[in-house]
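Participant: Sequences are here, hints too, so could you generate the full structure?
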Amino acid sequence: MTQTLYGRIYLTAYDTPAHDLYDRTRTGFLLRAAVLTELAIRGNLVASHGDVSVARPGPTGDPVLDLTLAHVARDRRGWKSWIRHDRKETLLAVEDRLVAQGVLAVEEKRSFGRSRREVTVRDASAVTSLQATAAGLLHGAEPAALIAPADAALVALAAVGGIRSVVSRADAHARKERIEELTGRLDAVAPGLGKAVGGLGMTMVAAQGGLGGG
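Add 6 to a position in the sequence shown, counting from 1, and you land on the number used in my numbering.
By construction, these hints were calculated from the structure, which means they are not laboratory data. For glycine and all other residues, C-beta sits at the position ideal for the given N, C-alpha and C. Any given hint could be a false lead.
To be verified - Pair by pair, the computed Cβ-Cβ distance ranges are: (1) Ala-176 x Thr-22: 15 to 25 Å; (2) Pro-23 x Arg-82: 39 to 49 Å; (3) Ala-180 x Pro-23: 19 to 29 Å; (4) Pro-65 x Phe-118: 38 to 48 Å; (5) Glu-148 x Lys-115: 39 to 49 Å; (6) Asp-193 x Asp-81: 33 to 43 Å; (7) Leu-98 x Thr-22: 30 to 40 Å; (8) Pro-149 x Pro-65: 31 to 41 Å.
Stated by the list, open to error - With a cut-off of at most 16 Å between alpha-carbon atoms, the simulated EDC-like pairs for lysine to aspartate or glutamate come out as follows: (9) Lys-201 x Asp-177; (10) Lys-115 x Asp-26; (11) Lys-94 x Asp-29; (12) Lys-86 x Asp-193; (13) Lys-201 x Asp-57; (14) Lys-86 x Asp-57; (15) Lys-201 x Glu-183; (16) Lys-115 x Asp-129.
Facilitator: Put into structure tokens, the structure is as follows:
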């Protein structure tokens, strides 16, 4: 099973009973945030005065990370703008990577003249195990400051993305302080990253309502 943050986010967002992602639009945003976070954790990206820039050029050895790293090297934006940018391309790149790793099977289908991807996880039990692990981090007693940034990001993104297999509606209220602490953990990785992730919910609502979202 994949160990990258973006791979874990993708599988966390997979609905095993439905044999599909719970929401492709939302997952695209979550993956963008996961890729950027992973690059920041690795030290490839830094933020200063609101702009994100490349601190350590690629290649990283990972085609998904390298794709985003190349984009950031050509432009200057803040975290929020980068999360909104190229989310569809990132989603497809992640799926292709997971297919290459043997984690996913993808079949292109056409319906009413439109193409769509049908994705199937090869090991559903590994997905449910990952979702349970993420939920355990949410409910655990370990101080947020001691949780690895990638693990904190996993829970923070699951919460803002409304992934109910990890964060139920009841949890979103009852564990609100814990979620905020884990999200804030990302600001220690790069200034402004936690704030951008925490505000992602409104961006996703706008995108799905046809009001923008990149």
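Participant: Each hint: holds or not?
Facilitator: These are the hints, each one checked on the structure:
Range check, Ala-176 to Thr-22: about 21 Å between beta-carbon atoms, so the 15 to 25 Å window is met. Checked against the given bound of 39 to 49 Å, the beta carbons of Pro-23 and Arg-82, roughly 43 Å apart, stay inside it. Our hint of 19 to 29 Å for Ala-180 and Pro-23 holds, since their Cβ atoms are close to 25 Å apart. Judged by the Cβ atoms, the range 38 to 48 Å given for Pro-65 and Phe-118 holds: they are separated by roughly 40 Å.
Against the hinted window of 39 to 49 Å, the Cβ-Cβ separation of Glu-148 and Lys-115 comes to about 43 Å, which satisfies the hint. Distance hint check: the CB atoms of Asp-193 and Asp-81 are about 23 Å apart, inconsistent with the given range 33 to 43 Å. The hint said 30 to 40 Å for the Cβ distance between Leu-98 and Thr-22, and at roughly 21 Å that hint is violated. Between Pro-149 and Pro-65 the beta carbons are some 36 Å apart, a value that agrees with the proposed interval 31 to 41 Å.
Distance hint between Lys-201 and Asp-177 is unfulfilled; the C-alpha atoms sit about 20 Å from each other, more than 16 Å. Restraint check for Lys-115 and Asp-26: the C-alpha separation of about 14 Å stays at or below 16 Å, so the hint holds. A threshold of 16 Å between alpha carbons decides the hint, and for Lys-94 with Asp-29 the separation of about 12 Å falls inside it, so the pair holds. This hinted pair checks out: Lys-86 and Asp-193 have alpha carbons roughly 13 Å apart, not beyond 16 Å.
Annotation: proposed proximity of Lys-201 to Asp-57 holds, straight-line Cα distance about 14 Å (limit 16 Å). At roughly 10 Å between alpha-carbon atoms, Lys-86 and Asp-57 fall within 16 Å of each other, so this suggested pair holds. With a C-alpha separation of about 15 Å, the suggested pair Lys-201 and Glu-183 falls inside the 16 Å cut-off, and the hint holds. For a cut-off of 16 Å, the pair hint linking Lys-115 to Asp-129 is broken: about 22 Å separates their Cα positions.
Going down the numbered hints, you'll see the structure goes against 6, 7, 9, 16, while the others check out.
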